[in-house]
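A.B. asks: Those protein sequences? They're chains A and B, same order as listed. Start counting the first sequence at 1; every next residue gets the next number (the working numbering). Start counting the second sequence at 116; every next residue gets the next number (the working numbering).
It is worth saying that the hints were derived from the structure and are not from the lab. Model, not experiment: these values are computed from the prediction. Even for Gly, the Cβ is constructed at its ideal location relative to N, Cα and C. If a hint is listed, it holds; no wrong ones were tucked in.
Computed Cβ-Cβ distance ranges for the label pairs, DEER-style:
| # | chain 1 | residue 1 | chain 2 | residue 2 | range |
| --- | --- | --- | --- | --- | --- |
| 1 | A | 22 | B | 170 | 40 to 46 Å |
| 2 | B | 227 | A | 81 | 42 to 48 Å |
| 3 | B | 189 | A | 80 | 40 to 46 Å |
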Amino acid sequence: EAGVVQSPRYKIIEKKQPVAFWCNPISGHNTLYWYRQNLGQGPELLIRYENEEAVDDSQLPKDRFSAERLKGVDSTLKIQPAELGDSAVYLCASSSGGGSTDTQYFGPGTRLTVL
Amino acid sequence: DQQVKQNSPSLSVQEGRISILNCDYTNSMFDYFLWYKKYPAEGPTFLISISSIKDKNEDGRFTVFLNKSAKHLSLHIVPSQPGDSAVYFCAASSTGANSKLTFGKGITLSVRP
Numbered sequence: 001e002a003g004v005v006q007s008p009r010y011k012i013i014e015k016k017q018p019v020a021f022w023c024n025p026i027s028g029h030n031t032l033y034w035y036r037q038n039l040g041q042g043p044e045l046l047i048r049y050e051n052e053e054a055v056d057d058s059q060l061p062k063d064r065f066s067a068e069r070l071k072g073v074d075s076t077l078k079i080q081p082a083e084l085g086d087s088a089v090y091l092c093a094s095s096s097g098g099g100s101t102d103t104q105y106f107g108p109g110t111r112l113t114v115l
Numbered sequence: 116d117q118q119v120k121q122n123s124p125s126l127s128v129q130e131g132r133i134s135i136l137n138c139d140y141t142n143s144m145f146d147y148f149l150w151y152k153k154y155p156a157e158g159p160t161f162l163i164s165i166s167s168i169k170d171k172n173e174d175g176r177f178t179v180f181l182n183k184s185a186k187h188l189s190l191h192i193v194p195s196q197p198g199d200s201a202v203y204f205c206a207a208s209s210t211g212a213n214s215k216l217t218f219g220k221g222i223t224l225s226v227r228p
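So here's chain B without its partners, still in its complex pose (with noise of 0.2 Å):
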């Protein structure tokens, strides 16, 4: 049972546009919320994250959007960038002393020169 969902395996976008990556959550004691971005042959690496006391959170090019009630957060890269083609996790936790990183199947971004 995939507690965090990353329906679109794939994503193409123009360098300078827009890139928007969508993740869905069915656990609702998540409360806080992470993407991390993964190169071939690296481990994932820390990207941005929102607690659930907020809608949005940003960072540079980088914009969370978290929509508790339905369950979904987004990730907004703007002017996304070449250098940002990578696989991006959305990951999700819940406060608590033996609480986890529950990791999404990940989204395939690419952006075209």
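Okay, chain A solo, but in the shape it has when bound (with noise of 0.2 Å):
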């Protein structure tokens, strides 16, 4: 079974420029989350969804950051404009159930630079 997959693996733009990251979840998972890693610290979710139904996004810095999962399936993460701290590692991770016992699956993530 395929895993969560993210792209792309690495991303470098320059301050202000837009940036978008493409996440297709595990088959049948019904729950997705973005979450962002900077250096040197855990990751921190940024929002959870159930189905296409943005259930958690709290955290999400909404006045640059945006996401859409339009079928319920893959799902797209979209900063503009990026900022110097928006450089990070973007993880996209999937569950079978948005409960506290779902084991999250991630992906790869997306490495990002903002020059």
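Using the hints, put the two chains back together into the complex; each one sits in its own frame.
C.D. replies: This is the structure we're talking about:
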């Protein structure tokens, strides 16, 4: 079974440019998560989807970040405009359910560098 | 405010010996705890978990111990193998519809051959 797929794996952009990340979760997983991992830190949740509904976006900086999961499968996370402090690894994860004991499976992440 | 703390950034052990990775938490609402393992350029991989109704959970070479009164958990790996060299994240959550995982900063484990 294929795992969580993310693209691109690496992205380098100049500040004020837009950038988008794509995630394809494990087949059949209804819950999808986007995390940001800063250097030397653990992952921090940005947004959680149950099917196509964003059920927790309290940590998403909505002035510049947006996300969508239109058909309840693939998801896109966008930053516009990017700032230097957005440099981080952006991880996507999925799980079969949204409960606290449902195992989250992570993709390899997209490493973003903002110059 | 770090609710999950992994105070030791790194640990080095000899192959065949025991590795003990520690984690402390401050939120008394946390009732489910997990360890994730991460290799370079890969995403975190689930390793083992424990519910607050237990004080020990074992899976092969990996055992997690939970001390609720001390708000402390530890991961024991025995015997340690060079392939165990990775970053280990402790994570915690509380039961509820909107529960989310809170991660520590991670510990880099190096197992010397």
